[in-house]
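Q: Chain by chain, the residues run as shown.
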Amino acid sequence: MSRKYLAAPYLLWALAFVLIPLGMIVYYGLTDSNGAVTLSNILAISSPEHRKALYLAIGLSLISTVLCLLMGYPLAMILASTGMGKGAFVVLVFILPMWMNFLLRTMAWQTLLEKNGVINNLLGVLGLPPISIINTGGAIILGMIYNFLPFMVLPIHTSLSKIDVNVVNAARDLGANGFQVFFRVILPLSIPGVISGITMVFIPALTTFVISNLLGGSKILLIGNVIEQEFTQTGNWNLGSGLSMVLMIFILVSMITTFITDKEEA
Amino acid sequence: MKKGLFCRIALSAVMVAAVGALTACGNKADDSKVYVYNWGEYIDPETMEMFTEETGIEVVYDEFETNEIMYPKVEAGASAYDVICPSDYMIKKMIDNDLLQKINWDNIPNAKANIGAQYYESSKEFDANNEYSVPYCWGTVGILYNKTMVSDPVDSWDILWNEKYADSILMQDSVRDAFMVALKRNGASMNTLDAAELDAAKEDLVEQKPIVQAYVVDQVRDKMIGNEAALGVIYSGEAIYTQRENPDLEYVIPKEGTNVWIDSWVIPKNAQSVTNAEKFIDFMCRPEIALMNFDYITYSTPNDAARELIEDEDIKNSEIAFPDLSQYNNLETYIYLGEEGDEMYNDRWKEVKSE
Amino acid sequence: MKKCLQRTYMGIIFIFLYAPIITLIVLSFNKSKTRAKWGGFTTKWYIDLFKNRAIMQALYNTLAIALLSAAIATVIGTIACLAMTRMKKRDRAILMGITNIPMLNADIVTGISIMLLFISFGIKFGFGTILIAHITFNIPYVILSVNPRFKQLNHSIYEAAVDLGCTPVQAFFRVVVPDIMPGILSGFFMAFTMSLDDFVITHFTKGPGVDTLSTKIYTEVKKGIKPEMYALSTIIFVSVFIILLAVNLKPEKKEK
Numbered sequence: 001m002s003r004k005y006l007a008a009p010y011l012l013w014a015l016a017f018v019l020i021p022l023g024m025i026v027y028y029g030l031t032d033s034n035g036a037v038t039l040s041n042i043l044a045i046s047s048p049e050h051r052k053a054l055y056l057a058i059g060l061s062l063i064s065t066v067l068c069l070l071m072g073y074p075l076a077m078i079l080a081s082t083g084m085g086k087g088a089f090v091v092l093v094f095i096l097p098m099w100m101n102f103l104l105r106t107m108a109w110q111t112l113l114e115k116n117g118v119i120n121n122l123l124g125v126l127g128l129p130p131i132s133i134i135n136t137g138g139a140i141i142l143g144m145i146y147n148f149l150p151f152m153v154l155p156i157h158t159s160l161s162k163i164d165v166n167v168v169n170a171a172r173d174l175g176a177n178g179f180q181v182f183f184r185v186i187l188p189l190s191i192p193g194v195i196s197g198i199t200m201v202f203i204p205a206l207t208t209f210v211i212s213n214l215l216g217g218s219k220i221l222l223i224g225n226v227i228e229q230e231f232t233q234t235g236n237w238n239l240g241s242g243l244s245m246v247l248m249i250f251i252l253v254s255m256i257t258t259f260i261t262d263k264e265e266a
Numbered sequence: 267m268k269k270g271l272f273c274r275i276a277l278s279a280v281m282v283a284a285v286g287a288l289t290a291c292g293n294k295a296d297d298s299k300v301y302v303y304n305w306g307e308y309i310d311p312e313t314m315e316m317f318t319e320e321t322g323i324e325v326v327y328d329e330f331e332t333n334e335i336m337y338p339k340v341e342a343g344a345s346a347y348d349v350i351c352p353s354d355y356m357i358k359k360m361i362d363n364d365l366l367q368k369i370n371w372d373n374i375p376n377a378k379a380n381i382g383a384q385y386y387e388s389s390k391e392f393d394a395n396n397e398y399s400v401p402y403c404w405g406t407v408g409i410l411y412n413k414t415m416v417s418d419p420v421d422s423w424d425i426l427w428n429e430k431y432a433d434s435i436l437m438q439d440s441v442r443d444a445f446m447v448a449l450k451r452n453g454a455s456m457n458t459l460d461a462a463e464l465d466a467a468k469e470d471l472v473e474q475k476p477i478v479q480a481y482v483v484d485q486v487r488d489k490m491i492g493n494e495a496a497l498g499v500i501y502s503g504e505a506i507y508t509q510r511e512n513p514d515l516e517y518v519i520p521k522e523g524t525n526v527w528i529d530s531w532v533i534p535k536n537a538q539s540v541t542n543a544e545k546f547i548d549f550m551c552r553p554e555i556a557l558m559n560f561d562y563i564t565y566s567t568p569n570d571a572a573r574e575l576i577e578d579e580d581i582k583n584s585e586i587a588f589p590d591l592s593q594y595n596n597l598e599t600y601i602y603l604g605e606e607g608d609e610m611y612n613d614r615w616k617e618v619k620s621e
Numbered sequence: 622m623k624k625c626l627q628r629t630y631m632g633i634i635f636i637f638l639y640a641p642i643i644t645l646i647v648l649s650f651n652k653s654k655t656r657a658k659w660g661g662f663t664t665k666w667y668i669d670l671f672k673n674r675a676i677m678q679a680l681y682n683t684l685a686i687a688l689l690s691a692a693i694a695t696v697i698g699t700i701a702c703l704a705m706t707r708m709k710k711r712d713r714a715i716l717m718g719i720t721n722i723p724m725l726n727a728d729i730v731t732g733i734s735i736m737l738l739f740i741s742f743g744i745k746f747g748f749g750t751i752l753i754a755h756i757t758f759n760i761p762y763v764i765l766s767v768n769p770r771f772k773q774l775n776h777s778i779y780e781a782a783v784d785l786g787c788t789p790v791q792a793f794f795r796v797v798v799p800d801i802m803p804g805i806l807s808g809f810f811m812a813f814t815m816s817l818d819d820f821v822i823t824h825f826t827k828g829p830g831v832d833t834l835s836t837k838i839y840t841e842v843k844k845g846i847k848p849e850m851y852a853l854s855t856i857i858f859v860s861v862f863i864i865l866l867a868v869n870l871k872p873e874k875k876e877k
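Residue numbers (the working numbering), protein chains in the order written: chain A, 1 to 266; chain B, 267 to 621; chain C, 622 to 877.
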């Protein structure tokens, strides 16, 4: 018996629960409620409200991805350079919050950010003016960063800790200063980690409906919210599927773009 | 090092899981269950335990937040419930789409005996011959406001457009309720299918959006208690509860009129056990059980026998819990508007939300 | 100076990550039922928690689904990896491509697609449908962590074992498995954690009355979270923290 037939269970599973379901989305997305073939569900993305929701989702997730990168990269460097506990510490710090349910963690930000919330009370005690970012795009960005920062830090940390110390030392010996070492040696070598960090933050941020629901006060409609509502409230599966297809195309395109830039830089 | 770390983490994960699984109770597998689909926090859990104790039927309880969320689940048919508690217009929609079965009133004696005749009368608006629904709760929609934060008199929907209260206003995050407020404010019917009236209402809602703090459903309660907002659109049933927690709060029915609603028990066509469903509804119609539920959720009960049992005279004759509807002449009940009507509302609501 | 700066930065990130968690822990001791008011200190939610059947059932479902789906995904994923070692390059690429779909696709699309499948085939939603969905998104995590181990595997050892009289099955379990064990364990752990923390996919595939902690919390979020839920999360969090601390600190002392 050839060993490769052992892949059969997985292939069957993937066929039944990955490929056929995707086929169903395509089927619903390309038909109307009477089963006639139509492109209207996909073209619906160009209607003002859907376009706005899509642009807003892209905008907010891009900002959060950039901020995650800016916050996460130095953090990963510090963790890699100090080598605290050689990884154990990192896992402890970043995986541990994941054991608190993510809805509860996000909810807790409501308590912190509210008008009479913890942060504003603290600011009041210090005599500082209150902040009001709850129910705005700012709160959603904060929620995205909070939830997805670990997905940025961990891959960067992994690729940074793989860098051979001798390479860095060699660069120093050859006269490179700190900046040069960073931009010429460390950064290029960590690009794979950065790329996977970006995709791991951007995609969930782009498609979320929970964070915008919990921290946006339902005032801000992202493309994820629109799709969710088409399925759970309006009951228009065809439109929901059509918009999901658009979302898939977007993910595909952004994947390919990052992949190509990755190739070029490497 | 790495190897050891992962082993340790995996080990601890499994340990936690094993301990957790031991402390949690096991899954009982038997057919004597009744599947109930109800609004969030809309029943006293103790009454369900009493029901199980008395009949041996286990209650599998599930919650929804709005009628609109409930409907697709039931329509899809993949989730079979025995008892559901939708509101008036949604019941009509379910009847029209052949999702409900007729109730055998002989098996629910408590329903006819204890529930006031006037509630059956008003149910006829959506259930023409009283064949499908047993009233469970009823009430109005109004404005809850915080006396310490609002200086103007609150008697009109207009105040929700007052920029003085910017960022302190909570609107309902459900399409019919949100449009009801805007339509009533303009003197239109909340069941209108007139595109011009709806467009005007939509424009008003868009104009109002910048001063709205959040669109919420059940969260109004927490936010008003915590002094997070000054004004909120809320179901009358929440008024007593919130006042109990925060005495600064006051409930008003605006002068332009509002929505009167009834939430009723219904049995869907695909119910697995009609007998259990009937037993459950009948149990909930007992006066002492209805009273327990009233005390817990503080939504007005149509169960006259239960109202008689209320000891606190203030609540028994409360204007909020049991308003005399005859003094208002501009109250309406939602009517199911058909698929196209729904679409008219939904499309405009999406426009408001995406603004 | 540099150290000081680094410490400060770490400190800020640390506060950012843990402020919500501390908030939740504080709330679990709040006497008042709503999160909006502080009503004094109490430990009664920790006692009530164990009497709350709905939460206990949700906890049981969550753990059962996480354990079962991680275990089944580990078995399916590992033998798929084994099969891939003998595949042509092109076949392997196709298989890895399929594996990447649930990883890269949006949760919401994965959830909806599986929901549509179940509805179209008239399958009743319940415990089983959630389990199937979780296995589906767990398998890729297993494959991605087991596959690299197979690549590093020295095949001559396996062949040596067979030459010395082991049956292929024996050789697999005696020689190959110990070598790839770290990959299997980390795959299992990843799958377990992902399943535990999932909300979106469960949201679309759950049936009446079958709740996991995530879906239970989502319904409660609207009406105010029950304090018992804070208590439960605190217990889970603190026990994981203590276990991790205990197993991580001990050997490190030895190393020093």
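Honestly, the hints are just simulated from the structure, not real lab data. The model shown is predicted, which means the values in this text are computed figures rather than measured ones. All C-beta atoms, glycine included, are put in the ideal place defined by N, C-alpha and C. Don't take every hint at face value.
In silico PhoX-like cross-links for lysine-lysine, where the CA-CA straight-line distance does not exceed 25 Å [said to hold, decoys possible]:
id, chain 1, residue 1, chain 2, residue 2
1, C, K709, A, K4
2, B, K413, C, K709
3, C, K710, C, K847
4, B, K475, B, K535
5, A, K162, C, K623
6, B, K521, B, K339
7, C, K672, C, K844
8, B, K339, C, K745
9, C, K772, A, K162
10, B, K475, C, K672
11, C, K844, B, K413
12, B, K368, C, K710
13, A, K115, C, K745
14, C, K672, C, K847
15, B, K368, B, K535
16, B, K339, C, K665
17, B, K299, C, K672
18, B, K468, A, K115
19, C, K623, A, K219
20, A, K4, C, K710
21, A, K162, C, K624
22, C, K654, C, K844
23, B, K299, B, K475
24, A, K52, B, K339
25, B, K545, B, K468
26, A, K115, B, K378
27, A, K115, C, K709
Which chain C residues face chain B? A few, computed with CB under 10 Å, are given here [claimed, not checked]:
id, residue
28, A640
29, I643
30, K652
31, S653
32, K654
33, T655
34, K745
35, F746
36, G747
37, L774
38, K843
Q: Look at each hint and say if it fits the structure.
A: Against the structure, the hints:
1. Distance restraint check for C/K709 and A/K4: the Cα-Cα separation of roughly 10 Å lies within the 25 Å cut-off, and the hinted pair is therefore satisfied.
2. Distance hint between B/K413 and C/K709 is unfulfilled; the C-alpha atoms sit about 75 Å from each other, more than 25 Å.
3. Proximity of C/K710 to C/K847 is assessed by CA-CA distance (about 54 Å); at most 25 Å being required, the pair is judged violated.
4. This hinted pair does not check out: B/K475 and B/K535 have alpha carbons roughly 40 Å apart, beyond 25 Å.
5. Pair hint A/K162 plus C/K623 holds up; C-alpha atoms about 23 Å apart against a cutoff of 25 Å.
6. At roughly 37 Å between alpha-carbon atoms, B/K521 and B/K339 are farther apart than 25 Å, so this suggested pair is violated.
7. Taken as a hint, the C/K672 and C/K844 pair is honoured in the structure, with Cα atoms around 21 Å apart against an allowance of 25 Å.
8. Distance check on the hinted pair: B/K339 and C/K745 sit about 12 Å apart at the alpha-carbon level, within 25 Å; holds.
9. Simply put, C/K772 and A/K162 have alpha-carbon atoms about 18 Å apart, close enough for the 25 Å limit, and the pair holds.
10. About 43 Å separates the Cα atoms of B/K475 and C/K672, which puts this hinted pair outside 25 Å; it is violated.
11. Taking the CA atoms of C/K844 and B/K413, the gap is about 23 Å. The hint holds against a cut of 25 Å.
12. For the hint linking B/K368 to C/K710, the alpha-carbon distance of about 62 Å lies beyond 25 Å, and the restraint is violated.
13. Simply put, A/K115 and C/K745 have alpha-carbon atoms about 44 Å apart, too far for the 25 Å limit, and the pair is violated.
14. Distance hint between C/K672 and C/K847 is fulfilled; the C-alpha atoms sit about 13 Å from each other, no more than 25 Å.
15. At roughly 9 Å between alpha-carbon atoms, B/K368 and B/K535 fall within 25 Å of each other, so this suggested pair holds.
16. At most 25 Å may separate the alpha-carbon atoms for a hinted pair to count; B/K339 and C/K665 exceed this at roughly 36 Å.
17. For a cut-off of 25 Å, the pair hint linking B/K299 to C/K672 stands: about 21 Å separates their Cα positions.
18. A threshold of 25 Å between alpha carbons decides the hint, and for B/K468 with A/K115 the separation of about 28 Å lies outside it, so the pair is violated.
19. Pair hint C/K623 plus A/K219 does not hold up; C-alpha atoms about 43 Å apart against a cutoff of 25 Å.
20. With a C-alpha separation of about 12 Å, the suggested pairing of A/K4 with C/K710 holds against the 25 Å cut-off.
21. Proposed proximity of A/K162 and C/K624 is supported: the alpha carbons are some 22 Å apart, at most 25 Å.
22. Of the pairs offered as hints, the one joining C/K654 and C/K844 holds, with about 11 Å between alpha carbons and a cut-off of 25 Å not exceeded.
23. Restraint check: the Cα-Cα separation between B/K299 and B/K475 comes to about 45 Å, which exceeds 25 Å; the hinted pair is violated.
24. Annotation: proposed proximity of A/K52 to B/K339 is violated, straight-line Cα distance about 28 Å (limit 25 Å).
25. The straight-line distance between the Cα atoms of B/K545 and B/K468 is roughly 44 Å, outside the 25 Å bound, and the hint therefore fails.
26. Restraint check for A/K115 and B/K378: not satisfied, since their Cα atoms lie roughly 48 Å apart, outside the 25 Å limit.
27. A threshold of 25 Å between alpha carbons decides the hint, and for A/K115 with C/K709 the separation of about 61 Å lies outside it, so the pair is violated.
28. With a least beta-carbon distance of about 19 Å to chain B, the hint placing C/A640 at the interface is violated under the 10 Å criterion.
29. About 19 Å separates the beta-carbon of C/I643 from the nearest beta-carbon of chain B, more than 10 Å, and the hint is not met.
30. With its C-beta approaching chain B no nearer than about 13 Å, C/K652 sits outside the 10 Å limit, and its interface hint is violated.
31. For C/S653, the shortest C-beta to C-beta distance to chain B is roughly 8 Å, which falls under 10 Å, so the interface hint holds.
32. Using the Cβ-Cβ criterion of 10 Å, the hint placing C/K654 at the interface with chain B is satisfied: the shortest such distance is roughly 8 Å.
33. For C/T655, the interface hint holds, the least distance from its beta-carbon to any beta-carbon of chain B being 5 Å, beneath 10 Å.
34. Taking 10 Å as the C-beta contact cut-off toward chain B, the hint placing C/K745 at the interface holds, the least distance being around 6 Å.
35. Evaluation of the C/F746 hint against chain B yields a held restraint, the C-beta minimum of about 5 Å falling below 10 Å.
36. Taken as an interface hint, C/G747 checks out: its beta carbon lies about 9 Å from the nearest beta carbon of chain B, inside 10 Å.
37. Violation of the interface hint for C/L774 is found here, the shortest Cβ-Cβ separation to chain B being roughly 15 Å, above the 10 Å cut-off.
38. With its C-beta approaching chain B no nearer than about 4 Å, C/K843 sits inside the 10 Å limit, and its interface hint holds.
This entry does not satisfy hints 2, 3, 4, 6, 10, 12, 13, 16, 18, 19, 23, 24, 25, 26, 27, 28, 29, 30, 37, going by the numbered hints stated previously.
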